[in-house]
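Participant: Those protein sequence lines, which keep their order, are chains X and W. Numbering-wise (the numbering used here), the first sequence opens with residue 1 and increments by one. Numbering-wise (the numbering used here), the second sequence opens with residue 1 and increments by one.
Be a bit skeptical, because a hint or two may be false.
Cβ pair distances, simulated, as ranges [unchecked claim]:
#1 W:287 x X:25: 51 to 57 Å
#2 W:284 x X:133: 19 to 25 Å
#3 X:282 x W:45: 41 to 47 Å
#4 W:157 x X:255: 49 to 55 Å
#5 X:81 x W:448: 35 to 41 Å
#6 W:34 x X:302: 44 to 50 Å
#7 W:156 x X:302: 51 to 57 Å
#8 X:302 x W:430: 27 to 33 Å
#9 W:284 x X:54: 56 to 62 Å
Calculated from the structure, these hints are not laboratory results. Given the structure is predicted, the values throughout are model-derived calculations rather than measurements. We put the CB at the ideal spot given by N, CA and C, even for glycine.
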Amino acid sequence: MPNADHPIAARQLTSIEEVDQGLSTAGYIANRQISTAIYLAHHLQKPILVEGPAGVGKTELAKSVAAWLELPLIRMQCYEGLDESKALYEWKYGKQLLYTQILKDKIGSVIGESDNLAVSLDKLHAFGDIFFSRNFLEPRPLLRALEQPAGAVLLIDEIDKSDQEFEAFLLEILSDYQVTVPEIGTVSAQVPPIVLLTSNSTRDLGDALKRRCLHLHIGFPDDRLEERIIASRVPGIDKRLLKQLVSFVQQLRSLDLKKLPSVSETIDWAKVMVLLHTTVLDVGLVRDTLNVLLKFEADIEAADKQIAGLTHKAQGAAGLV
Amino acid sequence: MPAGTEAAVPRSSASEPLRRFLQVARGAGLRVSAAEGIDAARALDVIGYADRVALKDTLGLVLAKTPDEKALYNEAFDLYFKHEALAGKDAAGDAADGRQHRHGEGEQGGGEGMGAGGSALSELLAEDDRAGLATAMETAGRESGVENIRFFTQKNLYTRRIMIRMGQGAVEEETEALRLGGTAKGIERAAMLEARLERLRDAVRDLVERNLLLYARGENEQFREEMLKSARLSNLERRDLERMRVLVRQMARKLAARYAKTRHRRLRGQLDIRRTLRKNMGWGGIPFVTVWKQKRIEKPRLMVLCDVSGSVAPMAQFLLMFLYALNEALSDIRSFAYSGSLVEVSDILEKQPVEQAIEKIMSTIGMGSSNYGNALADFEDGWMKYVTNKTTVIILGDARGNNNDPRTDILARLSQRARRILWLNPEYRSMWGSGDSDMYRYAPFCNLVTVCSTLRHLERTISDMLEAAS
């Protein structure tokens, strides 16, 4: 395995439990599947396709992996119309232009004393190649990720927003960790990066892409995991408040809402509660802060009727009633 | 398949259980490619078999690629390992027995020993050696290819094959001979053997059923889906509703995806020289950034009129379902439902989940006796003004207006305004024009009149329409 000789990665990825601990030192509380996925991704050198609802920590996972392994995080945000000149490389046109301008005056000396047309053309050709060399190449995220000497974590965010053509273009990188730049040749990674692709499933991804990836689905966490996540993200939160918050949000997720509150919303809400020095949830307070959790007017209205019941149950879960 | 000597070493015989599990996974409806199989093997080399939870997570990461597939996978995994545990337990008992020959096949490394024929089986039966019997059964099952079972009708076939392979014939001969021998002891033994043979047959049938469950679920589903797609909508039963709903949604999504793709392709066109030069003024007119001519895409403006009267009631459910799915997939669509009169239902379809929407539509307007003239008149009053030369009008209905005035004049006016009118009729062509059917009166004003009684018809028609429109 090419990166077995990489000291940091090799030391820290010897078992799934180590991944688990490593991620938690970076502030990411992972479940077993997530740790297994990272572990496998490293050992099989396969990208991970992470799917799941918005706000469950897909992007955060990549950041945490990078922080824990002390690797640079290279992020590429996908959007409609993203093409290889923005994702892979671009020629520095301005610089090329500038150099041609400068060299314009020197053309005589370049061609030299040769009065033979064929000879001077040859010289010009050799000269032209310089303009399409590394010096004039502007590496974009994908190329940069491959060129990192110690490896990297490459985050390809919201791949479902990009076009199908772009998805096809990614295949070479994802399976062989190499890209082809026509003027220069094939660039392959010294140390294959850990690649994470995230998707919110706004469209179905192609089979070819899926086949090359490990597929990790992150759903909403159960109450115990969520409590751990909140406790790690909002340090100093009162234990009983934590229980109430999580229980409330968990119940809220069972309602028929347009957009269910995610972990990131729970974290925000917890921060709000800590700011307000709350220790016990009450109906009025919940009603006032509900807009932190729910982002649609219709959802807030739907939940509003149930607040009293939910709050009561949440208090019960924390042993307050 | 591992060589015989390796079978006893768990690590190197590892690929066999994996291979069988992959088959189970495929049977359950997962699409597992060969490359993914290889990945799974590589992943298992890293993870190992010892930790069941890690094993489950690992294979799930490699094999199942959608939430639906994850659910299927979990089910298949649990089912398979329950099955394996049963077989494994018996095999363990057998290994301790140590009387059997080694047989290279399979992960159990268990004995086979049935090659000798009936006597071995009758011995096992006489001794009531359950572990030995179970192993023999598994082996015979594998040899007769029970994992290839696909339909429940094959249950008896495979049961018989396994029994024969285990040496049922020899046992039967033996009991026959014992009975003919006439000694009391012989007859007693014969009765005992027969009873145990019967018990064995039950066990074998059980094994076959388990295999059917394991390997053939996906196929049965597929078979059923194929059947549903080409069944007449009016003949579908209530219990198929759920499955049908899934199919309808899939179909609509497929159509929408395909349609979006063609739209996209048209976005790449010829070089627009004028705009390219203009854009590159900053670089002294050297074209670094190219601008392409774009063909303006006309979105198909759809207006769909759906009959929900009593005569097409069994179909209306599915038509509405399809309408609902289309509504989700396409942006510019207005939907109407009619029986005696006509109302717009775009709002209902947009805002409510499918069951409630359909229920609401059926309760407000459904089940009446249809009056096409009236419905068309309603349409002309309310919505004719929105029909432009870019609008495609689709009418779903049997054109049976209960002998009311068909008002073909309205349809004539509509056909002049609209780009196209398509009429999808759920009745067979031979029924058109009979009784109160006005189909042939309406037909001259439609660009296309076609039979549409199965999901497949529906898909084909809509797909043609979308392609023509884009």
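Participant: Mind listing which of the numbered hints don't hold for this structure, in increasing order?
Facilitator: 3, 8, 9
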